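Residue numbers (the numbering used here), protein chains in the order written: chain A, 53 to 725; chain B, 53 to 725.
Please note that the accuracy of each hint is not assured.
Stated by the list, open to error - Here are the simulated lysine to aspartate or glutamate pairs, DMTMM-like style, with alpha carbons at most 25 Å apart:
{"id": "1", "chain 1": "A", "residue 1": "Lys687", "chain 2": "B", "residue 2": "Asp169"}
{"id": "2", "chain 1": "A", "residue 1": "Lys687", "chain 2": "B", "residue 2": "Asp154"}
{"id": "3", "chain 1": "A", "residue 1": "Lys153", "chain 2": "B", "residue 2": "Asp493"}
{"id": "4", "chain 1": "A", "residue 1": "Lys703", "chain 2": "B", "residue 2": "Asp591"}
{"id": "5", "chain 1": "B", "residue 1": "Lys703", "chain 2": "A", "residue 2": "Asp591"}
{"id": "6", "chain 1": "A", "residue 1": "Lys576", "chain 2": "A", "residue 2": "Glu656"}
{"id": "7", "chain 1": "B", "residue 1": "Lys641", "chain 2": "B", "residue 2": "Asp690"}
{"id": "8", "chain 1": "A", "residue 1": "Lys429", "chain 2": "A", "residue 2": "Glu329"}
{"id": "9", "chain 1": "B", "residue 1": "Lys717", "chain 2": "A", "residue 2": "Asp722"}
{"id": "10", "chain 1": "A", "residue 1": "Lys717", "chain 2": "B", "residue 2": "Glu136"}
{"id": "11", "chain 1": "A", "residue 1": "Lys129", "chain 2": "B", "residue 2": "Asp690"}
{"id": "12", "chain 1": "B", "residue 1": "Lys576", "chain 2": "A", "residue 2": "Glu158"}
{"id": "13", "chain 1": "A", "residue 1": "Lys129", "chain 2": "B", "residue 2": "Glu577"}
{"id": "14", "chain 1": "B", "residue 1": "Lys388", "chain 2": "B", "residue 2": "Asp642"}
{"id": "15", "chain 1": "B", "residue 1": "Lys576", "chain 2": "A", "residue 2": "Asp493"}
{"id": "16", "chain 1": "A", "residue 1": "Lys717", "chain 2": "A", "residue 2": "Asp345"}
{"id": "17", "chain 1": "B", "residue 1": "Lys717", "chain 2": "B", "residue 2": "Glu490"}
{"id": "18", "chain 1": "A", "residue 1": "Lys717", "chain 2": "B", "residue 2": "Glu670"}
{"id": "19", "chain 1": "B", "residue 1": "Lys703", "chain 2": "A", "residue 2": "Asp154"}
{"id": "20", "chain 1": "A", "residue 1": "Lys576", "chain 2": "B", "residue 2": "Glu670"}
{"id": "21", "chain 1": "A", "residue 1": "Lys429", "chain 2": "A", "residue 2": "Asp493"}
Please keep in mind that the hints were generated in silico from the structure rather than gathered at the bench. Being a predicted model, the structure only gives us computed values, none of them experimental.
Number of protein chains: 2
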Amino acid sequence: MSTEKETPLIAGLSMPQQKPDAAKLLQSAREDGYDYVITDLPLSQEARSDVIALTGRWWRTSIVGNVPEDPPEALLKNLTKYLEWAIHMGIPAVILPSPPKDMVFEYAQVLQSLAIDAQSSNTQLWIRTLLNEESLQRYELLTRLCDGQPNIATMLIMEPLKPTSSPAAATASQIIMLHKAIGAQLKAVCFPTSVFLTNKRGYPTLSKSHQVLFTEVLKRIGRTVRILIEGAPKHDIPGAGDGMGSTKCLPYLQYIRHIRQRPECVAALDTEEASLESGYLDSLQRPLQPLKDHLEFSMYETFEKDPVKYAKYQEACTMALSDGMASMKPDSASPKMITIAVAGAGRGPLVMRAIRAFKSLNADPTAVVLRVFALEKNPSAVVYLQSMAQNHADWKGIVTIVHTDARKLTLEHLGGRKIDIVVSELLGSFGDNELSPECLDPLLASECCKPSTISIPMQYTTFVAPVSSVRLHTDARQQAQVPHEGGQTLGLQRAMETSYVVRSHAASQTHPEQTCWNFQHPAKETGMERAVSLDFAPDATFAAAAGSGYGALDPAIAGIVSQVLPGSGGAVTLHGLLGSFTAVLYASKDHYSELSIAPHRFSEKMFSWFPIYFPFREPLHVPSGCSVGVKMWRKTADGRVWYEWCAKVHKNGTTIAVTPIHNPKGRSSDVSL
Amino acid sequence: MSTEKETPLIAGLSMPQQKPDAAKLLQSAREDGYDYVITDLPLSQEARSDVIALTGRWWRTSIVGNVPEDPPEALLKNLTKYLEWAIHMGIPAVILPSPPKDMVFEYAQVLQSLAIDAQSSNTQLWIRTLLNEESLQRYELLTRLCDGQPNIATMLIMEPLKPTSSPAAATASQIIMLHKAIGAQLKAVCFPTSVFLTNKRGYPTLSKSHQVLFTEVLKRIGRTVRILIEGAPKHDIPGAGDGMGSTKCLPYLQYIRHIRQRPECVAALDTEEASLESGYLDSLQRPLQPLKDHLEFSMYETFEKDPVKYAKYQEACTMALSDGMASMKPDSASPKMITIAVAGAGRGPLVMRAIRAFKSLNADPTAVVLRVFALEKNPSAVVYLQSMAQNHADWKGIVTIVHTDARKLTLEHLGGRKIDIVVSELLGSFGDNELSPECLDPLLASECCKPSTISIPMQYTTFVAPVSSVRLHTDARQQAQVPHEGGQTLGLQRAMETSYVVRSHAASQTHPEQTCWNFQHPAKETGMERAVSLDFAPDATFAAAAGSGYGALDPAIAGIVSQVLPGSGGAVTLHGLLGSFTAVLYASKDHYSELSIAPHRFSEKMFSWFPIYFPFREPLHVPSGCSVGVKMWRKTADGRVWYEWCAKVHKNGTTIAVTPIHNPKGRSSDVSL
C-alpha cells in the first residue's frame, strides 16, 4: 500500500486564550502539526490583532469560529452578531452551543435564518452535541425545524466516561448513538483534553471505549470528518514539543494519528478501492437506462475494472459448463457443441470470461467445442467486438458478433443453433431496475432458447432498508434545481420521486434490510409487476453493523451492539430507503455462485454497484419503540417500468405518520423499455 | 328575504336497476325534481342503451357513476376499468367503495393514479365513508397517501342509528365526526331510504339525531354539498308522485327540502351576506399591502359596504368625543376645538363617521367645535376627498385634506394644532398584518400628537387556531403554479410559506383559538417584533362550534358537543393555522367598543375581514390524545415585516412530529413598509 493514497486526517486545536488571537495560536499549532485552530468570535467591535496578522486565505481555510456558551437568552440575542463577523471573514465553520433545553424552537428560528445567510460564505454551522440520546434528539429536532439546511451539522463532544456496571453495554449504546449521529450530519469530533487518560509513561491515551468509538468514526467517515482537540494541555511531556512556541498539545495529535494508523482504519481508508470511490461519496446519480441509451466507451472500461464481478461470472460459467458437459451423452461421431449467448456484450468482458471458463475445464476438443454469440445493440460497441473477434486469438473461430437487441434475436442470427447458456450483466443496483427481466424473459422464451437453456444470472432478489441521512435528503432536494427539459428545472416533486444510485457514506442504515422481491430465469411467475409490504420492527441496534448501507456488515460492531437489547435504540429520523440486491449467477446440486451488495452478504471488494436511494419527500420521524411499514411497487405500462413507494410509522396498531405514495403512474421517474 | 338569492340544494337519486339505464332513471327522477342520478359503471364492453339515449351534456352534468362493492381483490383489479369508462364519458363524479380494511395502502396506490387520470375530465372521486371514527380515519389515511389529490373527496353514508343509552352523547360524537369530515373534503351526503323513519301519516322522516346532523351539514356546506337518496323506496305514499314514470321517491326529496327550509338553514344560506361572499368561499387571496400599494377605487367601495364596521367606528368616535368633552374645563372665552385625524382616509368613510359621531352628541357650538384632518397618501383617493371637502355640506369648513403618508405628518400640515383623536382602519385579517403598528406608532409619537392623544383602535389582539382543510391545503399547493416574477412560477416553497386571506368554508377549526399577541396605541411595549408559543390540548369537541373558523360560534353545536368529554375527539389531521383578530376601538371607564372576527367573539354581520390561512407544507397528523404546539414569530428587518411559523405534535413530553419553521427570513412572503 503506497502512502501516496493515504487520506489525511484533518485535526484542529482549541486552546483558552486571554485575548483571542488566532494568528498566534495558528502559528504554534501548525508547528505541532495541527491543521486549523479555533477562535472565539467577537461580540463587540473591539480591535483584534489577528485580523491584520492573518491574510484572508488563512481565515477561509484554517480558522474555525466559536460561539461562547452564553446563558440562553443572551445566546439567542447575540447569535446573529457572532455569525455576522464569521460570515464576513468567510470562516469555513462555526462551532455553536447545543440548543438550550427549553428553547429548541427559538434557537431553530434564529439558526435557520443564519444558516441561509451562511451559505453565501460556505460557512458550516457545527452544533455541539453530546453522545447521549437527549442531546442527539435535541440536535435532531433542531435540524428538522431548520428544514435540512445543508450547512447545519453536528460536532460530537466526547465526554469522560461515567462509571458503569456494564462497560460493554455502555459502549454498545454509544456505538448506536454514533450511528445515528452519522446519519444526522456528523462533521466533527471534539476531544477535550480532559477526556484523555495518562498511560504509564505519562502520555495521553484514550479509554478502551473511546478508542472503539473513535475507530468507528474513522472507519465510517474518516475521509470527511474533522477532529478537534480542545482545552489546556493536561499532559506535560518533557521534550515533546515543548519548544518556545509550542502549544504543548502535540502528544494528543500524536495519539490521534496513532489510532488513525490502526490496521482496521488503514483497511477502510487507504485502499485502492477507497481511493477510487472517494469522488462518488454521497454523490447522487440517476440510474442508467441501458435499454434506452447507449453506454459510452469509458463507462464500459470503468465497469470492467471490477476485480470480483467478472471472476464470479467466470466461476458461474465454469460451473454451468461443467454441469452441462457432465450431463452430455458421449457421442463419438462428432464433437458436441455448447452454445453461449452473451446478451448485451458491451466490449466483451463476459465473452472473454466464458471462453476462459471453457478453457479452464480442459475439455477434449474432439468431444466438445464452444460457440459464443455476442449480442449487442450499441453499434459503436459492435465495432470493438468485431475487432476482437477478428484479432484476438482466443476469440477467433469461436465468437460470432450479432448486432441486435437481445429481445429481437432470431434463430437465423444463430445459424439455427439454439442457445445452451445465456450470460448477461443487465443488473442494476436494485437488481431489476435496469430492466433485466424485460430483456431476458423474451429471449429465454424465444425460438432461440430451449426449456433447458440456463441463464446466468439465474435469479436476483432485491432488498430494501430504511436509511437516515440528512446528507442524501438535502442532496436529493437540491436536484430540484437541476436543469430538466425545455429550460425548466427538475422541480421538487420530480426530484423527490426519483431513485438515485449513490455510494452512501454520510448515512446510516437504521434496520436490517429485508427481501423486497425476486425475478427468476426462466420465469416461474408471470408478469413483470411486483408489490411488497414490509415491516421493520424497532431495532436500531443490529443495523449499526450495516453502517452506511454499503459494504459488508462489520462483525466487530455486530459483536459490540449485541450487548444491548434489540429495540432499545430510541427515536430515529428516516430520509428514505436504500435498495440493494443479491444475484444468484448459478446454482445446481453441486455448485453455487452469487454476487451481492446487500450488506448481510456483501461480495467483498466488488465495486460495480452502489446502493439505490429512494428519498422520502419529507423526513419521517420514528419515535422510540415504533415500527416502520414500507410498501413498494414495481409497475409497468406503455413501455415503461417504474417504482412507487411509501412508508408509515406505527405502534400498537395506531398509524402515527405516513408518507404519501411517491411517484404515482411513474409521473416523476421511470425506465424505458 | 327574496327567494332569488336562495341557494339551490342539489339532490340525486340512486335506485336499483335490473340493467343499468341512466336515461330511464334520469327521466323519471327529474320529473320528481331530482337533479342527477347514479348509474353502475360497466366492467365489460357490453352494450347499454343509455349511451345512445342521452347526449354527452347529460352525462357530463347529471349522471354520477357508481363502482360496485366487489370483494377487495376484485375491486383493486377492476377499479381502473370502471374509472376508464367514467373518464371517457366525462362523468362529473364517481362513487367508490370505502378502502378495504387491510388494503388501504394498496387501494391508495391504485386510487392516486386514477385521481391523476380523472383530473383531465374533472371527475371527482367520492369515497363512501361512514360516520364513525374507524371509517373516517381509514378515508383520511387514504387521502394522506394520495397526497391531497384535489379530486378525491368523501361521501358520508348515513346509517340507521344504533340503540344507545345516551342519545345526546351519541349525537355529540357524530357532530364531532361530521366536523372532521368537513375538513377532509366532504362533498356529498347519502341517505339510504332505509334510514328514514315513518311518521304518523306514513310519510318519511329522519330521526332527531339525523335531523341535527343534516341541518349542520346544510348550515356549514349547504352551498356546495350534494345530497343523494339511495335505494328502493320504502314509503308508498298514495298520490305522492306515483304517476306512471315516477320513481316513488318524491317524498324523500320533499322531506330533505323541508329541512333545507328551516330558519337556521335559511339564515345561513340565503342572506345577502351569504350571497355576497359565495364567490370567495375557499378562494385564497394574497393579503393586501396597503402601505406599499395604492388601493383601487372599487376596493374602497367594497369595503364601505360593511354594515357593522363603520357603525362600530361611529360608536367608538362618539364614545371618545363624549369622554373628551366631559373632561374639558369650561372656558367661556372661545369654543374649544377637538381635532380628529383620520389616518389613511381613503374615500372618507371614517371622516363621515367622525362627523356624524360629533353631531350625534349635539354639542353647544359655542363651547366646542370639530376639526377633521383626512390624511391620505394615495393621490387618486385625494381627488375624491378634496371633492367631498368642497362639496359635501357636512364636510365644509370642518375637514382638511392632507396629502401625506400618515407616518410623515408634521405639525405644519395641521396648522399647528395637535391631534386629540387618531382614527384609522389599517387592520388586516391578522390584526397587525397590514402594518398598522408600523404606521400608527410613528404618528402617535410625533410632534403632531400629545401623550393624551387617543387612537381608535386603541389596541388589537391576534388569535390563532389549528385548522383541518384538505381544500385549503391543496389550493395553497396549486399556488405554486401561479406566475411570479420573470416568467417563473411561484414554486412550492414560496406557495407554502405565504399566508392567504380566505373565506374558509370546506374547513374545520380543530381547537379553540388562542391569543397570539397584541399591539396597543400608544405603544406600551417597545419593538415591533413578537413571538408566541401556544399549546393546544387534545380537544376536538368544543372547536366544532367554531365551524370553518369564520363566523360566530354556533351555540346549538356548543350545547350538543358539551355532552362529551373534551379530549375525546380522536385523531385529526391539520393543514395549517387560521388567524383572526379582535380590535378594541375604544375603551374607557364607561365605554367599550370592539370589532372582532375571532369566532369566540365574532362581530355579527360584519364581512370586512376573512380569516388568514398559514399553510403547513405537509399535513400534520395528530393521533388521538396528542397535543399540538404552535410557535409564531412576527419579525421585522430592512423595511419588511414577516411571519414565521411551525407546529409540533407531542404527548407525555415526547415530540411525535414537527413541521419545519416556515418562511425563515421572510424568504417567501413579507409585507413592505
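Honestly, which of those hints from before does the structure not fit?
As far as the earlier hints go, 3, 6, 7, 8, 9, 15, 20 are violated by this structure, in ascending order.
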